[in-house]
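**Q** Mind docking chain L on chain R? Use the hints.
Below, each chain spelled out in residue letters.
Protein chains: 2
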Amino acid sequence: MDASKESTMSLTEVRGEMVIGAGKVVGRHGQARAVDPALLTEIEPPFGQCGPDDVERACALAEAAFDSYRETTLAQRAAFLERIADEIMAIGPALIERAMQETGLPRARLEGERGRTCNQLRLFAQVVRAGRWLAATLDSALPDRTPPRADLRLRKIPLGPVAVFGASNFPLAFSVAGGDTASAFAAGCPVVVKAHAAHPGTSELVAKAVQRAVAACGLHEGVFSMLIGAGRTIGQMLVSDPRIGAVGFTGSRAGGMALVRTAAERPVPIPVYAEMSSINPVFMLPGALARSGPALAQGYVDSLTLGAGQFCTNPGLLIAIAGPDLDAFLAQAAAALNAKPAATMLTPGIHQAYAAGVEQLAQAAGVVTLAEGQSSSGGCAARAALYQVEAEIFLSDPTLEAELFGPASLIVRCRDLDDMRRVAQHVEGQLTATMHAAPSDHAYAAALLPVLERKAGRLVFNGFPTGVEVSHAMVHGGPFPSTSDSRSTSVGANAIERFLRPVCYQDVPEDLLPLALQAGNPLGIPRLIDGELHIAG
Amino acid sequence: MDASKESTMSLTEVRGEMVIGAGKVVGRHGQARAVDPALLTEIEPPFGQCGPDDVERACALAEAAFDSYRETTLAQRAAFLERIADEIMAIGPALIERAMQETGLPRARLEGERGRTCNQLRLFAQVVRAGRWLAATLDSALPDRTPPRADLRLRKIPLGPVAVFGASNFPLAFSVAGGDTASAFAAGCPVVVKAHAAHPGTSELVAKAVQRAVAACGLHEGVFSMLIGAGRTIGQMLVSDPRIGAVGFTGSRAGGMALVRTAAERPVPIPVYAEMSSINPVFMLPGALARSGPALAQGYVDSLTLGAGQFCTNPGLLIAIAGPDLDAFLAQAAAALNAKPAATMLTPGIHQAYAAGVEQLAQAAGVVTLAEGQSSSGGCAARAALYQVEAEIFLSDPTLEAELFGPASLIVRCRDLDDMRRVAQHVEGQLTATMHAAPSDHAYAAALLPVLERKAGRLVFNGFPTGVEVSHAMVHGGPFPSTSDSRSTSVGANAIERFLRPVCYQDVPEDLLPLALQAGNPLGIPRLIDGELHIAG
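Sequence order for the protein chains is R and L. The opening residue of the first sequence carries number 0 in numbering that gives the first Met the number 0; numbering runs sequentially from there. The opening residue of the second sequence carries number 0 in numbering that gives the first Met the number 0; numbering runs sequentially from there.
Fair warning: there could be bad hints in the mix.
[Claimed, not checked] Facing chain R, a subset of chain L residues (Cβ under 8 Å, in silico):
| no. | residue |
| --- | --- |
| 1 | Q100 |
| 2 | A140 |
| 3 | P268 |
| 4 | G456 |
| 5 | R457 |
| 6 | R486 |
| 7 | L511 |
These aren't lab readings, by the way, just hints derived from the structure by calculation. Even glycine gets a Cβ: it sits at the ideal position worked out from N, Cα and C.
Just chain R, with the same shape it has in the complex (with noise of 0.2 Å):
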């Protein structure tokens, strides 16, 4: 085998290996495989597992990389991020097909999926070459005041090596490299993350690039290390290990809220930022029915059927008012529907979750099933649904309110816009919330905006909720239950703010004082001087 043969395996070679600093490590507690979900076969190679001798190893090689990594230099800081994004390419089809394997989504979308991970890295090192996230302010000592003032400066600083839990449903851009890891390196932090175990050999791959990177910015070995093990107790021991700082996860509600508690009751509580549950209520306003109504189903089936409904923004409500213009709606969204071939879900356990939610939702008293998808015996193939409930009936019954992770979506059937005013102020937090709104709806959307804004971190208008733009004005976010925290995006280029919290310097000698504060500037970053932002300088 000649040399570039062989270094070209060792980047796409899968060998069951975790990430630890430096080491490729096999985890000496267990084995497991990936299944694949099409055809419910395992995949080789067998992954070890961790142990709680590896989460200590990682926190320890996470803690002492801190100090250093925290104070690289923007360029440096951004180089890396840039250098991850290279060698992820570098990997090449290799990657995709094993993700293929592991998640069965097809590879255009993965490619795309690989194409966001690498933009949202890449944003980041913008981000971090910006420098608007060190919240440089300076205000000037007054001596001659009564009393005098001191010369006070404000930075950020990250807040520590940072857990990060990999999701299933992406598993390049929400995963080891993904918006939680990318926007918690461009803060400052190192990253330990726990990968997922539905797709170990995909988060083998993109670790090792990650650990290349790090080697090749010269960067401590601690900056990164991903671990690899089934079940909660892994994952609670990294998230109670005093040297991590914060935690960063995409899931279920009960994953992330049993992490919410172990990060609460340690001796010294962090903070969790748990991306959860959401059913992304879209309101169909009545001249946007009428007016577009065939288009709208059209576009409605097409995003709660995109990648099997498996997207934290699927529309899983759909909030209209009954009439001639819904029926025909209905009849539209019922025939997209029907033409949808049935499509493999991420694993058995997420498949048969689904099975088990559309069962109990066909049930639920006064749901009728309007509709239902092509459908398969195959592996782990899901059928789509479409139900209809009265909206009496839907304010009443809170289990209606539960995600149904896959592509049903629920219609609730509205007497008149005071119906649906009650369906937005009943529903919990959420992730995005849209409304479809001719001109002639806008004085009633006006009335509608500020209910939804207390309820979502997205508004939509005239779309639908999937599709999550990398960008700076992005919110995926929003209040309880959609995650653990408001305050926050897991997805943009605020997700950097996350891993940060304020620093003041009081009279610091100018020798001793970060670079970011020092007098002529010299990052060139905006900068709050006396309540004034300047741009440069």
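**A** Below, chain L alone, put in the same frame as chain R:
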């Protein structure tokens, strides 16, 4: 009585009333009087205590006021904050005199604190007008991109009605119209205050000033209420109310953690900003000790006895290396302390806790009493005290690290710089950490600084931690247990951030967009547009 006299009386007379919306209410759940801590006598009049019905009404009003208050213009909200300051000043000397009687604090201190309280309100008026808190962010639509990008705009909105718990030690600046209330109002949140039981009369006078400001500015009456009731039940009820969206608290660790737990156990958890416990270590580096030990000794003793030591930033711990310079410093400090008169503490409860605390500290193994201030047999007068312990013992006995609220401090004697660093690494989270450093100490200070950055929210050089400036760069916050949320500050302009969360508006039509996000920047606020910061327009 002529009309102007009657009107003055209505500003200055303490009647034993709460403020609930536009109402002046005498609680019907028992009575209590304030206690003069100097004389240990009760002060008239009795205050009717609130019950569940009062909490219910205050929260219902706050919720009813929220939507209109949160959409007041920047100018309206700023004018409201300024009007509160004017109304507080209009009360005149009666406010100071009532506060003196209820707290034992001297006139000059309370006049200064009133000034600080009003400056704080005025600072937040400026903060509101400047509009940076809105974090307005616009990402342009990219319709030709594959996939197309929607138009995305972000602003911050307030969390909802805020429950504020007045502190005992700042009856004006951290009580009814103090920093928590001012920053919550600035963010757009109605406020329900639970007054501190030690100064109900001061609280009533200030609450009625706020009530007048609400009326004068034409705001919904529910924007502000103030409840009076001792014990924890009412506080827990308030924090449990589903209409409350966040909590501000300054007080003891036990009290703060009780609220944190209550908030976490709600069906919808909410953030609690509890400023709790800090011993504010002061590190005396060898060069500074050699250069100006005696002057520093006086400054240290002045700082620790200021306001009977009843500051969150009181220097409760001083760390230095044993030797002749420290001996000279201690001799000077002891002399300065011996000259300090006994000072009246805020309440009999605080006084008793201090007396018990110093007794326990004096008897702890390895602790030596170095000096005591003058004693007094009167009322709640407390005697200052200085103790000493070897670093080795301090590091092995966690009880020596407990906050002792009052004019006492513990000197930790180190053998060398290494010992000093071990103490720095050992201490819990703090509001402040101080270094006294001569130029010859800078190399060591540079090594100690990253350790202290991780322990404290404010790093003070060559000064003392008491005296918390209200400005843009101030951080009055820090790692647990100094606060429950190190990501925030409770003093200074950034305190507004605690009560906000981001919302993204996707493809929202211009006529439905909030002003902050409309074309042409009608508010003239800084906005981040496609990743570039624009200061105006």
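**Q** None of the hints should be skipped; say for each whether it holds.
**A** Hint check results:
With a cut of 8 Å, the hint placing Q100 (chain L) at the interface with chain R is violated, because the nearest CB-to-CB distance is about 26 Å. About 10 Å separates the beta-carbon of A140 (chain L) from the nearest beta-carbon of chain R, more than 8 Å, and the hint is not met. A distance limit of 8 Å between C-beta atoms decides the matter here; for P268 (chain L) the minimum to chain R is near 6 Å, and the interface restraint holds. Hint status for G456 (chain L) relative to chain R: holds, with the closest Cβ pair at about 6 Å, below 8 Å.
Hint status for R457 (chain L): holds, given a least beta-carbon distance of 4 Å to chain R, under 8 Å. A hinted interface residue such as R486 (chain L) counts as satisfied when its beta carbon comes closer than 8 Å to some beta carbon of chain R; here the least separation is about 5 Å, so the hint holds. With its C-beta approaching chain R no nearer than about 6 Å, L511 (chain L) sits inside the 8 Å limit, and its interface hint holds.
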